[in-house]
Amino acid sequence: MAEAKYISRAKLGKWLDELSQQMLVLAPVQEGEAVVFRPYQTGTEIRLDGQPTLPPKEAVFPASEELFAYTYRKNPEDPAQTDVEIGPRAQPQKTLVFGARPCGSRGFVIFDPVYTQGYYLDPYYRARREATIFASVACITPENACFCHSVGSGPGDTAGSDILLTPVDQGYVVEAVTDKGGEMLGSSLLEAAGDKAGKARELRDKVLKDMGEPRDFTSAREKLLAIFDDLDFWEDVSAKCISCGACTYLCPTCYCFNITDESAGMQGSRIRSWDNCMSFQFTLEASGHNPRPTKAHRLRNRVGHKFSYYPELHQGKIACCGCGRCIKHCPMSVDIREIVIRAMEHQTESGEEAGA
Amino acid sequence: MTFITELKEQIKTALPDLDMVIGWERGFDPLHATPLFMRKAQDVERLEVGPLAVHNTATYLTGFKGKKVGVVVKGCDSRAVIQLLQEGLIDRENVVIFGFPCQGVVDMVKVQKYLGNTGLVREAQIQDSSLKVKVNGEERDLALKDVLADKCARCRYPNAMLHDHFAGQPIEPHAPEDKYQDVEELESLSLEERFKHWEREMHRCIRCYACRNACPMCVCRDHCVAQSRQPQWLTQDDSVREKWMFQVIHAMHLAGRCVECGECQRACPMDIPILALKRKLNREARDLFNYEAGVDPNETAPLLSFKVEEENINERGW
Chain E
1 MAEAKYISRA KLGKWLDELS QQMLVLAPVQ EGEAVVFRPY QTGTEIRLDG QPTLPPKEAV
61 FPASEELFAY TYRKNPEDPA QTDVEIGPRA QPQKTLVFGA RPCGSRGFVI FDPVYTQGYY
121 LDPYYRARRE ATIFASVACI TPENACFCHS VGSGPGDTAG SDILLTPVDQ GYVVEAVTDK
181 GGEMLGSSLL EAAGDKAGKA RELRDKVLKD MGEPRDFTSA REKLLAIFDD LDFWEDVSAK
241 CISCGACTYL CPTCYCFNIT DESAGMQGSR IRSWDNCMSF QFTLEASGHN PRPTKAHRLR
301 NRVGHKFSYY PELHQGKIAC CGCGRCIKHC PMSVDIREIV IRAMEHQTES GEEAGA
Chain G
357 MTFITELKEQ IKTALPDLDM VIGWERGFDP LHATPLFMRK AQDVERLEVG PLAVHNTATY
417 LTGFKGKKVG VVVKGCDSRA VIQLLQEGLI DRENVVIFGF PCQGVVDMVK VQKYLGNTGL
477 VREAQIQDSS LKVKVNGEER DLALKDVLAD KCARCRYPNA MLHDHFAGQP IEPHAPEDKY
537 QDVEELESLS LEERFKHWER EMHRCIRCYA CRNACPMCVC RDHCVAQSRQ PQWLTQDDSV
597 REKWMFQVIH AMHLAGRCVE CGECQRACPM DIPILALKRK LNREARDLFN YEAGVDPNET
657 APLLSFKVEE ENINERGW
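Here the protein sequences come in this chain order: E and G.
Going by my numbering, the residue at position 354 of the first sequence is 354; the numbering climbs one at a time, nothing skipped.
Adding 356 to a residue's 1-based position in the second sequence gives its number in my numbering.
Simulated from the structure, these hints should not be mistaken for laboratory data.
Fair warning: this is a prediction, and the values are worked out from it, not measured in the lab.
Using N, Cα and C, we set each Cβ at its ideal position, and we do this for glycine too.
Any given hint might turn out to be false.
[Stated by the list, open to error] Ranges between beta-carbon positions, derived for each pair:
{"hint": "1", "chain 1": "E", "residue 1": "A264", "chain 2": "G", "residue 2": "V604", "range": "11 to 21 angstroms"}
{"hint": "2", "chain 1": "G", "residue 1": "G419", "chain 2": "E", "residue 2": "S287", "range": "16 to 26 angstroms"}
{"hint": "3", "chain 1": "G", "residue 1": "E479", "chain 2": "E", "residue 2": "E338", "range": "16 to 26 angstroms"}
{"hint": "4", "chain 1": "E", "residue 1": "S8", "chain 2": "G", "residue 2": "Q588", "range": "47 to 57 angstroms"}
{"hint": "5", "chain 1": "G", "residue 1": "E540", "chain 2": "E", "residue 2": "P76", "range": "57 to 67 angstroms"}
{"hint": "6", "chain 1": "G", "residue 1": "K535", "chain 2": "E", "residue 2": "K74", "range": "54 to 64 angstroms"}
{"hint": "7", "chain 1": "G", "residue 1": "Y470", "chain 2": "E", "residue 2": "Q21", "range": "33 to 43 angstroms"}
{"hint": "8", "chain 1": "E", "residue 1": "M23", "chain 2": "G", "residue 2": "G419", "range": "41 to 51 angstroms"}
{"hint": "9", "chain 1": "E", "residue 1": "T82", "chain 2": "G", "residue 2": "M608", "range": "31 to 41 angstroms"}
{"hint": "10", "chain 1": "E", "residue 1": "E183", "chain 2": "G", "residue 2": "D484", "range": "52 to 62 angstroms"}
{"hint": "11", "chain 1": "E", "residue 1": "E338", "chain 2": "G", "residue 2": "K490", "range": "16 to 26 angstroms"}
{"hint": "12", "chain 1": "E", "residue 1": "S263", "chain 2": "G", "residue 2": "D652", "range": "41 to 51 angstroms"}
{"hint": "13", "chain 1": "E", "residue 1": "G186", "chain 2": "G", "residue 2": "D484", "range": "54 to 64 angstroms"}
{"hint": "14", "chain 1": "G", "residue 1": "G444", "chain 2": "E", "residue 2": "L231", "range": "23 to 33 angstroms"}
[Claimed, not checked] With a straight-line cut-off of 27 angstroms between C-alpha atoms, the simulated DSS-like cross-links for lysine-lysine are:
{"hint": "15", "chain 1": "G", "residue 1": "K424", "chain 2": "G", "residue 2": "K368"}
{"hint": "16", "chain 1": "G", "residue 1": "K490", "chain 2": "E", "residue 2": "K206"}
{"hint": "17", "chain 1": "E", "residue 1": "K180", "chain 2": "E", "residue 2": "K317"}
{"hint": "18", "chain 1": "G", "residue 1": "K490", "chain 2": "E", "residue 2": "K209"}
Please put together the full structure from these sequences, using the hints given.
This is the structure we're talking about:
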C-alpha cells in the first residue's frame, strides 16, 4: 500500500462533496431500518457504522438494467415486412462506491472471472466494472452471522477494494489499495496518517482475532458432490426454506440474471434483471419440465454452487464472502454455514463418510 | 409443570402417529429462533417456545399435502390454520394442532433499533417483562413491551383458537379491540402524501418475494402471477410501479383472507411496512361483511361466497 492518509470524521462530508463533483458517489443511506446505497449529494446523511443491508452489487450489476430499447416499424410499402430499430447502449458513468464493507466489495472478485475472462465476455458488466471504484470501510463490528474469515476474507480484506478506510480515533485512516484508488487521494482534506496507520493495522488484526478460529470449508467441494443425489439430506436441510429470493438478492456474489423483452405495442426494452435459483422459474424449461422441481433441489444448487462447483472452476476460490446477509436476513434463519458443515460431516447410509 | 414441559409431552405422545411436528428451536444466535421439524422423539427436546418464536408455522402446511403433520401454534398461527381449513387448502384429519398461550413475539427490527448495530450477541433471555441481551460484552435490558411486534399490542387472540392439544392456561387478550389505528393514520394523509409514502417505501423493494413466500395464505407459490410470463402481469423492470403492482395484487388476493400474522412485513429484509395494505382491506371486509378471517373454520370468506343482496352494500341505491 502507498503512504497512508487520514481524514477526520468532521471533514468526511467535505471530501465526499468534492468527490461527488467529479463522479457519481454511491453511499450507504438509511431507509426505514434498512441501509442501502444511494447517490450522495451534499448534505446526505450516510451510515458507516454497520453492515449495509444491501451489498453494493447494484453499482456494477443493477437489479434491472435496460440493455437497449427497440422499436418495430412496419414497412408502409410492404406491411408484411417489419423492421426493428435498436436504440443506443447507455454508457455507464464513473462511479465511486463509498462505505461498503470489505465483504460487500469483495463480491466482484467472484463476478470477474465469470463475466470478464474466458470465451464469453459481458460488455455491460465490464463497462460498469471499469467505471467503478470501491472505497470500503474495514469492519470493526462483526456480527453473529459473519464468517468472512472462513472463506478466505476478513474484516480488513482489500480484495475488490481500491481504497480501504479504517476507523481510528475521530476519523479514518485512508489507504490506497490500487492505482485507481491512489488517484483519488489527492484532496487537501486528507492529511498524512503518521502513527495512525499502525493503529489501523493493529485494529484490523484485533477484529480478525476476536472473530475466533475460522472454519475450514475446503473439503465441502468434494463432499457436496458426493451427497448430490442424497435428496433426503437436501430435503432435511431445506425444510424451513420458503424459496424466496432474499438470500440471493442480498448476496454480494450471486450473479445470475434473466433477460426479458418488455414490450408495449411496437416498442419495448430488453432488460437484464437479477434472477435467483430459489425460484421455480429459474430452471423451468419451455416444455414445462423442471429439473429442479422442489426447494430441496434449488437450495442444493445455491450451496453447491458457492462451495463446490464455483471453486472447482476457479482455483478453489469459494464463491461466498461470508458477509452473513443470507443468514441474518433470511425470514426463517436458514444458516448456510450449518448446511455446509452438515454436508461435510454427513455419513452415508453405509456408515462411510460422504466423499471419503 | 411449566407449559413447555407439558407441550413437549403432548408432542412426544402424538409424534408416533405423525410424519412430523413443526415448532421452533434456537437459531444461529440467541436472539433468533428458527423453525424446527420434529420427526423423532429426541428432536422434541430442541423445541423452544416464547417471544422469539416469531415464524408462522402454518406457512409450511400446504407444502406437506398428504402427510400427517402436527403444528405448534401461537394465536395468530392458529388463525392461519383455521383459514386454510376453511378454504379447503388443508385437511383437518391430516393436521394436529398444538396450542399454547402466546405472550407476544419480539420484532427484531425494534430490537435492532434499540441495540444499534446488533454486533456479537452472546446471550438473550426473556425474564418476566424484559428481554435481556448480552451484546458486544455489554448487558442490555430491553422492556419487552418496547420490542414486541405491533400486531401483539392489538392482539385479541393470544391463545390458539383451534387446537387438539393445549399446553398451559389460556390468557386474556392483549387488547379488547383492534381500532386499525395504523390504517387510520395512513388514511388521514392526503392522496398525494400517501402516494409519496408508498413511493418512498417501495423504492427499496428488491422483489425477493419474501413477503409472498412467508405468507401462510399465499398458496400459489411457484405459480404466482408475479413471475408468470403467460399471462404477463408484471415486467422485470424494477420501477416502483411494478413493485407496487405486486403489493396490490398480494393485498387484493388476501382481502378478507389475511389473518394479520404480519409475516409479510417481518420477512421483508428491507423493512417495508406492507402489512398496512392488507389491514386496510381487512378492515373493509370487516365493515362490509362483518367478517374476520381465521376465526371460525366453518365460515366462508366473503369474497369466496355470493349473496344476492349484501347487507352493507347499497347496490341499488345509485
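Exercise for the section: Of all the hints given earlier, name the ones this structure violates by number, lowest first. Expected result: none
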